[in-house]
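Quick note: the sequence shown, position 627, residue 626 per numbering that gives the first Met the number 0, numbers continuous.
Treat the hints as calculated values from the structure; they're not laboratory data.
Keep in mind that this is a model prediction, so the values were computed, not measured.
Each hint should be verified, as a subset may be incorrect.
Said to hold, decoys possible - Computed list of lysine-lysine pairs in BS3-like fashion (alpha-carbon distance at most 27 Å, straight line):
#1 K442 - K408
#2 K313 - K452
#3 K452 - K377
#4 K373 - K342
#5 K452 - K442
As the list claims (entries may be wrong) - Label-pair distances were calculated between CB atoms; the ranges are:
#6 N391 - V244: 49 to 55 Å
#7 M291 - R28: 57 to 63 Å
#8 Y339 - H73: 25 to 31 Å
#9 Q269 - G38: 24 to 30 Å
#10 D132 - T241: 41 to 47 Å
#11 G38 - T230: 23 to 29 Å
#12 K408 - H73: 23 to 29 Å
#13 N391 - R260: 49 to 55 Å
#14 E603 - H27: 38 to 44 Å
#15 H27 - D333: 53 to 59 Å
#16 S11 - G210: 36 to 42 Å
Using N, Cα and C, we set each Cβ at its ideal position, and we do this for glycine too.
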Amino acid sequence: MIVLQVNQLTKSFIADEILSNVKLEVQHRDRVALVGRNGAGKSTLLKIIAGQMSYDSGDIIIPKDVRIGYLEQHAGLHSALTIWDEMMSIFTAIHEQEAKLRSLEHRMALPEIYENQEKYAQIMTEYDQLQHDFKEAGGYQYEADTRSVLHGMQFFENDYQKPIASLSGGQRTRLALAKLLLSKPDLLILDEPTNHLDIATLSWLESYLKGYEGAILIVSHDRYFLDEIVTVVYEVSRQLVTRYVGNYSAYLTEKAKNFERDVKLYEKQQDEKAKLELFIQKNIARASTTKMAQSRRKKLANMTFIDSPEGDEKSANFGFTIDKQSGNDVLAIDDAAVGYEEKQIAENIKLRLFREDSVALVGPNGVGKSTLLKAIVKDIPLLAGQIRYGTNVTIGYYDQEQAKLTSHKSVLHELWDEWPLLNEGEIRSVLGSFLFSGNDVEKIVNDLSGGEKARLALAKLMMQKSNFLVLDEPTNHLDLDSKEVLENALLDYPGTLLFVSHDRYFINRIATKVVELSTTGSFEYLGDYNYYVEKKQELAELALLKQQETTVKKNAVVPHPQKIDKEVKKRERQLLRAIEALENDMQKENLLIHHYEEELCQPEIFANHEKVATIQAALESAKLQYETYELEWLSLQEELESL
Numbered sequence: 000m001i002v003l004q005v006n007q008l009t010k011s012f013i014a015d016e017i018l019s020n021v022k023l024e025v026q027h028r029d030r031v032a033l034v035g036r037n038g039a040g041k042s043t044l045l046k047i048i049a050g051q052m053s054y055d056s057g058d059i060i061i062p063k064d065v066r067i068g069y070l071e072q073h074a075g076l077h078s079a080l081t082i083w084d085e086m087m088s089i090f091t092a093i094h095e096q097e098a099k100l101r102s103l104e105h106r107m108a109l110p111e112i113y114e115n116q117e118k119y120a121q122i123m124t125e126y127d128q129l130q131h132d133f134k135e136a137g138g139y140q141y142e143a144d145t146r147s148v149l150h151g152m153q154f155f156e157n158d159y160q161k162p163i164a165s166l167s168g169g170q171r172t173r174l175a176l177a178k179l180l181l182s183k184p185d186l187l188i189l190d191e192p193t194n195h196l197d198i199a200t201l202s203w204l205e206s207y208l209k210g211y212e213g214a215i216l217i218v219s220h221d222r223y224f225l226d227e228i229v230t231v232v233y234e235v236s237r238q239l240v241t242r243y244v245g246n247y248s249a250y251l252t253e254k255a256k257n258f259e260r261d262v263k264l265y266e267k268q269q270d271e272k273a274k275l276e277l278f279i280q281k282n283i284a285r286a287s288t289t290k291m292a293q294s295r296r297k298k299l300a301n302m303t304f305i306d307s308p309e310g311d312e313k314s315a316n317f318g319f320t321i322d323k324q325s326g327n328d329v330l331a332i333d334d335a336a337v338g339y340e341e342k343q344i345a346e347n348i349k350l351r352l353f354r355e356d357s358v359a360l361v362g363p364n365g366v367g368k369s370t371l372l373k374a375i376v377k378d379i380p381l382l383a384g385q386i387r388y389g390t391n392v393t394i395g396y397y398d399q400e401q402a403k404l405t406s407h408k409s410v411l412h413e414l415w416d417e418w419p420l421l422n423e424g425e426i427r428s429v430l431g432s433f434l435f436s437g438n439d440v441e442k443i444v445n446d447l448s449g450g451e452k453a454r455l456a457l458a459k460l461m462m463q464k465s466n467f468l469v470l471d472e473p474t475n476h477l478d479l480d481s482k483e484v485l486e487n488a489l490l491d492y493p494g495t496l497l498f499v500s501h502d503r504y505f506i507n508r509i510a511t512k513v514v515e516l517s518t519t520g521s522f523e524y525l526g527d528y529n530y531y532v533e534k535k536q537e538l539a540e541l542a543l544l545k546q547q548e549t550t551v552k553k554n555a556v557v558p559h560p561q562k563i564d565k566e567v568k569k570r571e572r573q574l575l576r577a578i579e580a581l582e583n584d585m586q587k588e589n590l591l592i593h594h595y596e597e598e599l600c601q602p603e604i605f606a607n608h609e610k611v612a613t614i615q616a617a618l619e620s621a622k623l624q625y626e627t628y629e630l631e632w633l634s635l636q637e638e639l640e641s642l
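Let the sequences and hints guide you as you build the complete structure.
The structure is reproduced here in structure tokens:
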């Protein structure tokens, strides 16, 4: 079933064409990614599909019964309600159904209804249908689903009564995502949903979206996330949209093949064009060959030339160098505590960095990762412990929020004022490497987009030539192409790296060590992200095994193997006897249930509401007893199978 079809869609802003003849299709249960550079038109296309922006021409076809849910890139939930009440507002229809069910139950209990068999049967029919609809709508599980999604988004039971107005911007964004997931639209449209999510929340979201019943259309710059989720990729590039089947890695492979083919085709066509033009130029004036030249000119005029595969899309091109090498010991942190005067966040932090280390600092949001980096670069003091810096260490710091890029200067002077000994051409050359060219260098820093500020901050960082880079979420606001350029630049960097990132693909490529930070300390893993995940799981399993072994040692003495075999056979006989006894009890309860149900169908009892109430209570008791026996039987059966 098609839930969305876009045909020949075109969108322009004044004279600039953003999208041209776009074709896109989403089937039920599809997981579709829109990828492309910043400014290519991905978010514009999502807004048009969601009905939040007009378009110039084309068609958007959405079946009438398809519900669309859309989460903007920087959306945050604004409400005067508490977290729980806001989530419950999604289920108004279910609450109304529930109220109607309670009303019908009350009516069925009235004596005058019992005495009127026709009316009672009519209400029972209505009740059965409503109960079925209530169950299909998720009436028996919506509260459990809500708790599950809130927990996945890092909102726990003690948060439920917090007013939404008191939450931070990141928390409101996560809550907006939680509300959208709970509403379960047929087509879920997500624009950068991974922003403000830590690694644990990202992993939960991946798992949730894999099992999502509807279709998903998503924009994300998180390659690891896209590889886990999507099965179809649409690339937005040069106003056009191209479809690829597979996840993001499969898209890159296929795109590389297509690019190589298109380059060969383009070069062949250009070569043919050049030969025709040369023949025309040499022969058009000669009487003997003028007809041949005119024929070639006509052929040239009728030819359709493909655009260069290179296009006009430029990639950033930069690298990080150092002025002087540091000593072997770069940084040592002992028994540190970080936080602010009013609140300590984390303590017992130990960290060692050596020359050319590349260390990723990971942990849940709010655990103090950014705070620790600020302490390292001396923006804030430690609450306890000490930091020692190595010989000749010079620090370059990339701030997550680009908080230091809030000037009213132009881009050109933001850089030039810090390096006044360089001439304008040199400054422009540096900015050009970060995709600031022409009039872009005259833009005011405060007016820049998040991606532009990120590139300018990286340009300033490159100019410092520090031998120790401290990076706080350096991939935020960067598109996938710019991320790849940054990754390659950092891989070639001859200094030392300490960075915070929630981008698992980035961590895998860059990190040689992973340090996990918690409120009670730090733990070092000597490998990339995948190694960290495997090792952490292995350590958790070993800890559980050790705990189980300790419990066994405390509670029992290990018997001789022959004795164990006798014990097993003895337990097996006990279980078989217990199971047989339970099966007899279940059979008796089952007969009793049938007996009560037959009694309720007898006219003389049916007309007596007191007897009906008594028998109904006995029936419920028998059913409950049967369920108890059944659960016990299942438990014994599992134990028997495990012997």
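For each hint, the structure was consulted:
Annotation: proposed proximity of K442 to K408 holds, straight-line Cα distance about 8 Å (limit 27 Å). Taking the CA atoms of K313 and K452, the gap is near 18 Å; set against the 27 Å cutoff, the hint holds. Under the criterion of a C-alpha separation no larger than 27 Å, the hint pairing K452 with K377 is consistent with the structure, at around 23 Å. For the given pair, K373 sits about 16 Å from K342 by alpha-carbon distance, which is consistent with the 27 Å threshold.
The straight-line distance between the Cα atoms of K452 and K442 is roughly 11 Å, inside the 27 Å bound, and the hint therefore holds. A C-beta distance of roughly 52 Å is found between N391 and V244, which places it inside the suggested range of 49 to 55 Å. At roughly 60 Å, the beta-carbon separation of M291 and R28 lies within the given 57 to 63 Å, and the hint holds. At about 26 Å, the beta-carbon gap between Y339 and H73 stays in the expected band of 25 to 31 Å.
With their beta carbons about 29 Å apart, Q269 and G38 fall inside the hinted range of 24 to 30 Å. Against the hinted window of 41 to 47 Å, the Cβ-Cβ separation of D132 and T241 comes to about 44 Å, which satisfies the hint. Checking the proposed 23 to 29 Å range against G38 and T230 shows it holds: the Cβ atoms sit about 26 Å from each other. Taken as a hint, the range 23 to 29 Å holds for the pair K408 and H73, whose Cβ atoms sit roughly 25 Å apart.
Taken as a hint, the range 49 to 55 Å holds for the pair N391 and R260, whose Cβ atoms sit roughly 51 Å apart. Between E603 and H27 the beta carbon distance is about 54 Å. The supplied range of 38 to 44 Å is therefore violated. One distance hint, 53 to 59 Å for the beta-carbon pair H27 and D333, holds here, with the actual separation near 57 Å. Judged by the Cβ atoms, the range 36 to 42 Å given for S11 and G210 holds: they are separated by roughly 39 Å.
Comparing the model with each earlier hint shows a violation of hint 14 alone; every other hint is respected.
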